[in-house]
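So the sequences go chain by chain: A and B.
Everything in the first sequence is counted per numbering that gives the first Met the number 0, starting at 0 for the first residue and increasing by one.
Everything in the second sequence is counted per numbering that gives the first Met the number 0, starting at 0 for the first residue and increasing by one.
These are calculated hints, taken from the structure and not from any lab test.
By construction, the Cβ of each residue, glycine as well, lies at the ideal position given by its N, Cα and C atoms.
Errors might be hidden in some of the hints.
[Stated by the list, open to error] Ranges of calculated distance between the beta carbons of each label pair, as one might list FRET restraints:
| no. | chain 1 | residue 1 | chain 2 | residue 2 | range |
| --- | --- | --- | --- | --- | --- |
| 1 | A | His101 | B | Val57 | 32 to 38 Å |
| 2 | B | Gln56 | A | Val88 | 30 to 36 Å |
| 3 | B | Asp67 | A | Leu8 | 32 to 38 Å |
| 4 | B | Gly26 | A | Leu14 | 47 to 53 Å |
| 5 | B | Met31 | A | Leu14 | 43 to 49 Å |
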Amino acid sequence: MAAARIAVLDRPLSLDVVTEAVVGPERGGLVTFTGMVRRHGKVPDVVRLEYEAYREMTERVLTEIGDEIERELPGVRVAIHHRVGSLHVGEAAVVVAAAAPHRGPAFEACRAAIDRLKSRAPIWKKEIGEAGAEWIEHCC
Amino acid sequence: MQIKVLYFAALRERRGVSFETVDLPAGGDVAMALAMIAKNNPNVAPLLPRIQVAVNQVMVAATAPLSDGDELALIPPVSGGH
Numbered sequence: 000m001a002a003a004r005i006a007v008l009d010r011p012l013s014l015d016v017v018t019e020a021v022v023g024p025e026r027g028g029l030v031t032f033t034g035m036v037r038r039h040g041k042v043p044d045v046v047r048l049e050y051e052a053y054r055e056m057t058e059r060v061l062t063e064i065g066d067e068i069e070r071e072l073p074g075v076r077v078a079i080h081h082r083v084g085s086l087h088v089g090e091a092a093v094v095v096a097a098a099a100p101h102r103g104p105a106f107e108a109c110r111a112a113i114d115r116l117k118s119r120a121p122i123w124k125k126e127i128g129e130a131g132a133e134w135i136e137h138c139c
Numbered sequence: 000m001q002i003k004v005l006y007f008a009a010l011r012e013r014r015g016v017s018f019e020t021v022d023l024p025a026g027g028d029v030a031m032a033l034a035m036i037a038k039n040n041p042n043v044a045p046l047l048p049r050i051q052v053a054v055n056q057v058m059v060a061a062t063a064p065l066s067d068g069d070e071l072a073l074i075p076p077v078s079g080g081h
């Protein structure tokens, strides 16, 4: 059974799972992106991150993003899984996989997916540090 | 009419709940709902100028009309996930 192309999950993510959702015999190029929690953000010495999502709308928006990219780059398949809940430094918050017959569109699709998700997905993260916590606002 | 209002992130922390039902006169729009929320919750009011709104999971302007049973989500500046 094929893995879900779009998912918002409160358990650890898997590159194997998003990859499975996009590979196929016609697609020779596979590109993946993993977004991981860093130690240094707005808050110094991050202890953990808490991700919160407007779950139903995030699923809808990620599906739209996937559909758009697949229309713009025919032959491409894109899958996006985002995690919610409490994450430690080094854990994956988001994984994206894009596959296409050739590598050019696969790279483009993967980049487009993560870029569009950043500005459109109703997801919030709170950095919790040794000294304090802060909700982070998207910039740029 | 009854509108379900969803709060997230810093707004949720300020308001103290993640959702509530708000009673709005028929014909009311998003701006009216926000004004009502601000008036009833002075601690939330300062955050409202920076939010976007979605009705039934679609982003809309403040002039968007509301209908009975609509889900109005108050969306603070997003973090973008990652």
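Hints versus structure:
1. A:His101 - B:Val57: 32 to 38 Å: Distance hint for A:His101, B:Val57 holds at roughly 35 Å.
2. B:Gln56 - A:Val88: 30 to 36 Å: Given a distance of about 32 Å, which is inside 30 to 36 Å, the answer is holds.
3. B:Asp67 - A:Leu8: 32 to 38 Å: holds, 33 Å
4. B:Gly26 - A:Leu14: 47 to 53 Å: With a Cβ separation near 50 Å, B:Gly26 and A:Leu14 satisfy 47 to 53 Å, so the hint holds.
5. B:Met31 - A:Leu14: 43 to 49 Å: holds, 47 Å
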